[in-house]
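Model the placement of chain B on the given structure of chain A, informed by the hints.
As given, the protein sequences belong to chains A and B, one line each in that order. For the first sequence, position 314 (counting from the first letter as 1) is numbered 314 according to my numbering, and the numbering increases by one without interruption. For the second sequence, position 134 (counting from the first letter as 1) is numbered 134 according to my numbering, and the numbering increases by one without interruption.
Read the hints as simulated data drawn from the structure, not as lab findings.
Any copy, or any two copies together, can satisfy a pair, since identical chains are not distinguished.
Within a straight-line C-alpha distance of at most 30 Å, the following computed DSSO-like cross-link-like pairs (lysine-lysine) qualify:
id : residue 1 : residue 2
1  : 128       : 210
2  : 208       : 119
3  : 119       : 211
4  : 211       : 128
5  : 210       : 115
6  : 211       : 155
7  : 177       : 115
8  : 235       : 128
9  : 210       : 119
10 : 23        : 36
11 : 96        : 20
12 : 119       : 177
13 : 146       : 372
14 : 208       : 372
15 : 283       : 325
16 : 235       : 115
17 : 331       : 49
18 : 155       : 96
19 : 258       : 322
20 : 208       : 96
21 : 155       : 208
Number of protein chains: 2
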Amino acid sequence: MKEKFKVTPWEVSGKVDYDKLIKEFGVSKIDESLLKRIEKHAGEHFMLKRNVFFAHRDLNWLLDEYEKGNKFFLYTGRAPSGPIHLGHLLPWIFTKWLQDKFGVELWFQFPDEEKVLIKNDITFEDTKRYLYENMLDVIALGFDPKKTHFIIDTKHADIMYKEACKVAKKITFSMVKASFGLNEQSNIGSIFYTSMQAVPAFLPSIIKGKKIPCLIPHAIDQDPHFRLTRDIMPKINQYKPASIQCSFLPPLSSADGKMSSSESQTSILTTDSPKEVEKKIKKYAFSGGKDTIDEHRKKGGNPDIDVSFQYLRMFFELDDKKLKKIEDDYKSGKLLTSELKEILIKKINDFLVEHQRKREKAKKEIDKFIFKTK
Amino acid sequence: MKEKFKVTPWEVSGKVDYDKLIKEFGVSKIDESLLKRIEKHAGEHFMLKRNVFFAHRDLNWLLDEYEKGNKFFLYTGRAPSGPIHLGHLLPWIFTKWLQDKFGVELWFQFPDEEKVLIKNDITFEDTKRYLYENMLDVIALGFDPKKTHFIIDTKHADIMYKEACKVAKKITFSMVKASFGLNEQSNIGSIFYTSMQAVPAFLPSIIKGKKIPCLIPHAIDQDPHFRLTRDIMPKINQYKPASIQCSFLPPLSSADGKMSSSESQTSILTTDSPKEVEKKIKKYAFSGGKDTIDEHRKKGGNPDIDVSFQYLRMFFELDDKKLKKIEDDYKSGKLLTSELKEILIKKINDFLVEHQRKREKAKKEIDKFIFKTK
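So that you can see chain A by itself, here it is in the shape it has in the complex:
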């Protein structure tokens, strides 16, 4: 019998069964022909080939429009409520690749009220602090400041709230109740919130005065928001946004589930030092290896449940051949867990040293990214 699992925008628990999610959410698998179609325009990306981005909605329609000369824009976001970990970066790195390859605008939403409304213990003082910190991480990934617009819900409410009301008018309480597991004791801000998350999917169309297709790269847990958004858009004369969805980078503790910054022992933060990374990987990264070296040499390890290997596969080892060799050597027992971990530690630290340098530089660049309403 399979374990029970739960995937909502606000909670991910249990061993996630992605095939089951595809059916439950009603998204489509990214198949070979779609993969080829994306490659035609953008070339290969390891996250596509390796099934990290595995599902979508209406991506063929989006490419039809693109091929007709009707360029799309990208929309993704981050609710600031804690530090950024590697799991957050994963879809954003892919988003940057999409921006570069298709030459399109990105609207990056920071819904700084979401977690205040959803969680009892988070205040606007918290989200303000993390908003700043989180923006640095996004900028550090190298998005094009000329084509990237940060919108912050409370700051940009003068252009967003009216649009959110147009959406909200079409959504009943019973609809959000079903989609998000809310009830009569839920606060009215949490009930309204999904309308604000819908806005960036059509705000550029409002600003430019013409309908522009939208593509949302996101982790699969956010799908309930955008499913609702898609239902509403035609009712307010806008395109349904297309989406492309990734699985979760797992926590250190297990190859299932989703990395969470509220458990700092099981996540790697972008501000972690090389020492901290080394310690966390060595101490906490769940291993698919055997209990003793002798046994490992004989029987080999299991990369499928090995967190270090999964981080290499999903994020850090871009070279398919090198990844294959690591996988084979690990399976055969030639590569020990300690050696696998050393490979990963070096990869993460090389990445983070560079990321932290860019993150420092980003402190002077924030203003270029924040959308100017006037």
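For chain B alone, kept in the frame of chain A given last:
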């Protein structure tokens, strides 16, 4: 048996029993000692003496604070969704008197999303048009531009939405369900809306960085919003707003109920010409007179149910002695309905000619009244 009546922020129907409303809503009657206390600071106002403003919440506390040197501010508003009629002006005229006498600021809210969310057939195009028209009527009443700040929900959402979220976090769906008669099929914008109506009650305190008492003059049907606001304010460390409440100027058709601009035959609009006013009063103003002149001369009329007399009492005849004479003469049969109507027609038209002149002038003054966020 008494007729059934209904008073909610969005619907007033039946013969309103104000004594019953006082009990149901839990407001306090304005008694003699409170009347004297207001007079001490501001002098007399016919709307107070004649019980047009008849109820309040925490007005004694507000005056305690005022007497300690802790000045309050006024907050009232208008959801733009149609033309302004005399019934709208009534509490605003009183509000202007309060501003003048106490020398205080007025925050005037235009919740331009409210009716879009509540009514199926109203769009943001409608509210945009009426927002402009309605602002002219408010300005025409002579509020001090240095002390009066218009805040428009969608335009000022950059300072309001965040504060509304703080309120919304403390209100559950079951609370608004009970207060406003909403249900699971209500849209999530209408569910959230009351949080936006709460904001002006403490926004000046946020802007100035210290708690300032607030007085809300309003027609009694808005009490459910402010009752909820009062429950929430201590939870976000703000004063409960005090309020002073008036009865409704009746429609032409009956001395009960509330004038409504959606029925233009039973309301006098601020843009009506002298001819239109004359026609409406003569044709539609419900008379407390008798069917024939002979009978009227013998038995006299009933001013209590006579709409023309009520308009004089509530709005147009400021002189108590003159009003008393009209009342006595009407009761005795000396004054005919047609004569009473002529008195009213002249009063209304004198008022409206002047109002319309100021309304034209107001077109150049709007910018002075709109609150500048930056």
